[in-house]
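Taken in sequence, the protein lines are chains A and B. With the first letter of the first sequence counted as 1, position 12 gets the number 67 in the working numbering; the numbers rise by one all the way through. With the first letter of the second sequence counted as 1, position 57 gets the number 62 in the working numbering; the numbers rise by one all the way through.
Keep in mind that the hints were calculated from the coordinates and are not lab data. No experiment lies behind these values; they were computed from the predicted model shown. Built from N, CA and C at the ideal position, the CB exists for glycine as well. Do not rely on the hints blindly, as some may be mistaken.
[To be verified] The following label-pair restraints were derived from C-beta to C-beta distances:
| # | chain 1 | residue 1 | chain 2 | residue 2 | range |
| --- | --- | --- | --- | --- | --- |
| 1 | B | GLN59 | A | GLN100 | 20 to 28 angstroms |
| 2 | A | PRO65 | B | GLN46 | 14 to 22 angstroms |
| 3 | B | GLN46 | A | GLU70 | 44 to 52 angstroms |
| 4 | A | GLU124 | B | GLN46 | 42 to 50 angstroms |
| 5 | B | ARG35 | A | ASN114 | 21 to 29 angstroms |
| 6 | A | SER69 | B | ASN82 | 43 to 51 angstroms |
[Unchecked claim] A few chain A residues facing chain B, derived, Cβ under 8 angstroms:
| # | residue |
| --- | --- |
| 7 | GLY98 |
| 8 | LEU99 |
| 9 | LEU101 |
| 10 | PHE144 |
| 11 | TYR158 |
| 12 | LYS159 |
| 13 | LEU160 |
| 14 | GLY165 |
[Claimed, not checked] Cut-off 20 angstroms, straight-line C-alpha distance, at most; resulting in silico cross-link-like pairs (EDC-like, lysine to aspartate or glutamate):
| # | chain 1 | residue 1 | chain 2 | residue 2 |
| --- | --- | --- | --- | --- |
| 15 | A | LYS107 | B | GLU107 |
| 16 | A | LYS115 | B | GLU107 |
| 17 | B | LYS103 | A | GLU118 |
| 18 | A | LYS111 | B | GLU107 |
| 19 | B | LYS103 | A | GLU149 |
| 20 | B | LYS62 | A | GLU149 |
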Amino acid sequence: GNSVTQMEGPVTLSEEAFLTINCTYTATGYPSLFWYVQYPGEGLQLLLKATKADDKGSNKGFEATYRKETTSFHLEKGSVQVSDSAVYFCALSETDEGGGSNYKLTFGKGTLLTVNP
Amino acid sequence: KAGVTQTPRYLIKTRGQQVTLSCSPISGHRSVSWYQQTPGQGLQFLFEYFSETQRNKGNFPGRFSGRQFSNSRSEMNVSTLELGDSALYLCASSLTGKAYNEQFFGPGTRLTVL
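This is chain A alone, in the form it adopts within the complex (with noise of 0.2 angstroms):
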């Protein structure tokens, strides 16, 4: 079955770091990938996606390239902030080639990312 691995931190960093939050997958098919990232108390809210290979993914400063011979989707941001402290997940949904199958996400554990000032 699908499933993906995350980093699990926790992560801390001083404002303007580097960030970099690891994420490899296992699918069958042509799975789409995402960023999702969880303020507290909060819903999840969608960061940045990719749905083929070799596409980069980017909001808010964030970026992640879907690397397909390294099953990989790894998160970056040249410089946090303190507003990005939060839980980010790494997940994927399977889909063939026309997007035809149904939305089930599979997550990671989730990173907790704590910015210092």
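Please arrange chain B on chain A, whose structure you already have, making use of the hints.
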């Protein structure tokens, strides 16, 4: 546009009881999915509904059930509650449930079983 709403936000029950949680999707969204979030197991898919039909189901016992109404609102029910059912239950809606449509999550219902 209003987001996904879930009621109630917090719930305390005792073992053996049953509970019903409600989710109102974003207007126009026809797909509703449910997830259970616990510290030990993380986020796990429960089921997905589209146009009142369950299309996809996760690996949970039959005590967990759900339904969707004609207005796309969805409920999930857990019968004979166990301590291990304590969790944050998240609902997500999307236009069609296809992978290229973004899923929007509600704030969740925090269920505590005593």
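Checked hints:
1. B:GLN59 x A:GLN100: 20 to 28 angstroms: 26 angstroms, holds
2. A:PRO65 x B:GLN46: 14 to 22 angstroms: 18 angstroms, holds
3. B:GLN46 x A:GLU70: 44 to 52 angstroms: For GLU70 of chain A against GLN46 of chain B, whose Cβ atoms are near 33 angstroms apart, the range 44 to 52 angstroms is violated.
4. A:GLU124 x B:GLN46: 42 to 50 angstroms: 30 angstroms, violated
5. B:ARG35 x A:ASN114: 21 to 29 angstroms: Once the Cβ atoms are compared, 26 angstroms apart, the range 21 to 29 angstroms for ASN114 of chain A and ARG35 of chain B holds.
6. A:SER69 x B:ASN82: 43 to 51 angstroms: 47 angstroms, holds
7. GLY98: 4 angstroms, holds
8. LEU99: 4 angstroms, holds
9. LEU101: 5 angstroms, holds
10. PHE144: 7 angstroms, holds
11. TYR158: Hint on TYR158 of chain A: holds, closest Cβ of chain B at ~4 angstroms, below 8 angstroms.
12. LYS159: Because about 5 angstroms separates LYS159 of chain A from the closest Cβ in chain B, which is inside the 8 angstroms limit, the hint holds.
13. LEU160: 6 angstroms, holds
14. GLY165: 6 angstroms, holds
15. A:LYS107 x B:GLU107: 16 angstroms, holds
16. A:LYS115 x B:GLU107: 17 angstroms, holds
17. B:LYS103 x A:GLU118: The hint is violated at about 23 angstroms.
18. A:LYS111 x B:GLU107: 17 angstroms, holds
19. B:LYS103 x A:GLU149: Distance ~10 angstroms between LYS103 of chain B and GLU149 of chain A Cα, so the pair holds.
20. B:LYS62 x A:GLU149: 14 angstroms, holds
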